[in-house]
Amino acid sequence: MSNPVAATAAEVNTADLKLKGFKAYPVDTAVNPVPTYARRDFYKVALLTGHSILHYADKSIELSGTCLFFANPHIPYSTELLSTRQTGYACLFTEEFIRAPDRSESLQHSPLFQIGSTPVFKLSNEQAVYITGIFEKILAEQGADYHFKNDLIHTYLQLLIHEALRMQPTETFFQHKNASSRITSLFLELLERLFPVESPQQALPLKSAQDFADRLAIHVNHLNRAVKEVTGKPTTSHIADRIIGEAKALLHHTNWDVAEIAQSLGFEYASYFNNFFKKHTGSTPLAFRKAG
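Under full-length UniProt numbering, read the sequence shown as residues 1 to 292, first letter to last.
Careful, some of the hints might be misleading.
[Claimed, not checked] No more than 30 Å apart at the CA atoms, straight line, and that leaves these computed lysine-lysine pairs for DSBU-like:
#, residue 1, residue 2
1, Lys-122, Lys-137
2, Lys-149, Lys-290
3, Lys-44, Lys-149
4, Lys-279, Lys-149
5, Lys-228, Lys-248
6, Lys-207, Lys-149
7, Lys-44, Lys-233
8, Lys-290, Lys-278
9, Lys-20, Lys-228
10, Lys-233, Lys-279
11, Lys-228, Lys-278
12, Lys-137, Lys-207
13, Lys-207, Lys-278
14, Lys-44, Lys-207
[As the list claims (entries may be wrong)] Distance ranges between label pairs, derived from CB positions:
#, residue 1, residue 2, range
15, Glu-163, Lys-233, 40 to 46 Å
16, Ser-283, Leu-216, 44 to 50 Å
17, Arg-193, Glu-229, 20 to 26 Å
18, Glu-126, Lys-290, 48 to 54 Å
19, Ala-144, Ser-283, 23 to 29 Å
No wet-lab data here; the hints were simulated from the structure. Cβ atoms here follow ideal geometry from the backbone N, Cα and C, with glycine treated the same way.
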């Protein structure tokens, strides 16, 4: 019989994650239950052993044996236990952590994290032993005093990602949820395709909820309802957050002046961009650049 249960203490307490951009912990439902359907603000890689159903966006995936799971912060998911116990490991991390120190392509473009991908990999015994070893190294480094442990953990995470890219994903989907999940997935994928901005002469072609609704050929109210239902955030918040994220990257990693950045992000005047940036960050673009 299924056993949906509440969030683990380890997942709820993300203070360390916000400070460092990373947190790893062991999973054992005999000690802490699995999380209910939720959306978080970080990526996740989990190694899980047991029997369960993963409800991920508009799909449900049956997990049996040992599996590797990659979660995208834009897509809500939950785990429904079918066995009496589930064990393993999990890593939570921000995009800034995995992308540091260079401004590489967003994880949203990765086959493991992009909207519409299959995020679950069934492991053989040999693969399970190897992947378990990587997670154990990550946990050990997290508690170590080594000065460059963040760099080492970053390397281990990249190793997990590359090992998964060599595998074939699981395809045991057996049910669909609602249209809101599909609309939200399409919206988030379309939003992510606009980035990164590569040139000051480039201007975002879509800047408002109405723009995205027109491109998706649906009414803007339908889009707004779907996105709010699935993610808990308004469409405009997703757009603003992504523009702010790109603005920060451009301020840190380019020598473009503020007017050029404003133009590339679709602002007619630099003053509009300054006001927008300060409203969302509490800082002016120039002050943010100097502080970085």
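Here is how each hint holds up against the structure:
1. Lys-122 <-> Lys-137: Since the Cα atoms of Lys-122 and Lys-137 sit roughly 21 Å apart, the hinted pair holds (cutoff 30 Å).
2. Lys-149 <-> Lys-290: holds, 27 Å
3. Lys-44 <-> Lys-149: At roughly 19 Å apart (the allowed maximum being 30 Å), Lys-149 and Lys-44 satisfy the hint.
4. Lys-279 <-> Lys-149: The hint is violated at about 35 Å.
5. Lys-228 <-> Lys-248: The hint holds at about 25 Å.
6. Lys-207 <-> Lys-149: Measuring from Cα to Cα gives roughly 39 Å; hence the hint is violated.
7. Lys-44 <-> Lys-233: Holds: Lys-44 and Lys-233 sit about 20 Å apart, inside 30 Å.
8. Lys-290 <-> Lys-278: holds, 14 Å
9. Lys-20 <-> Lys-228: Measuring from Cα to Cα gives roughly 29 Å; hence the hint holds.
10. Lys-233 <-> Lys-279: Given that 30 Å is the threshold and the Cα spacing comes to 18 Å, the pair holds.
11. Lys-228 <-> Lys-278: Measuring from Cα to Cα gives roughly 25 Å; hence the hint holds.
12. Lys-137 <-> Lys-207: violated, 43 Å
13. Lys-207 <-> Lys-278: Status holds; Cα separation ~18 Å.
14. Lys-44 <-> Lys-207: Holds, at about 29 Å.
15. Glu-163 <-> Lys-233: 40 to 46 Å: Given about 32 Å between the Cβ atoms, the range is violated.
16. Ser-283 <-> Leu-216: 44 to 50 Å: Since the Cβ atoms of Ser-283 and Leu-216 sit about 33 Å apart, the hinted range of 44 to 50 Å is violated.
17. Arg-193 <-> Glu-229: 20 to 26 Å: holds, 23 Å
18. Glu-126 <-> Lys-290: 48 to 54 Å: Holds, since Glu-126 and Lys-290 (Cβ atoms, about 52 Å apart) stay within the stated range.
19. Ala-144 <-> Ser-283: 23 to 29 Å: Once the Cβ atoms are compared, 34 Å apart, the range 23 to 29 Å for Ser-283 and Ala-144 is violated.
In this structure, the earlier hints numbered 4, 6, 12, 15, 16 and 19 are contradicted, and the remaining ones agree with it.
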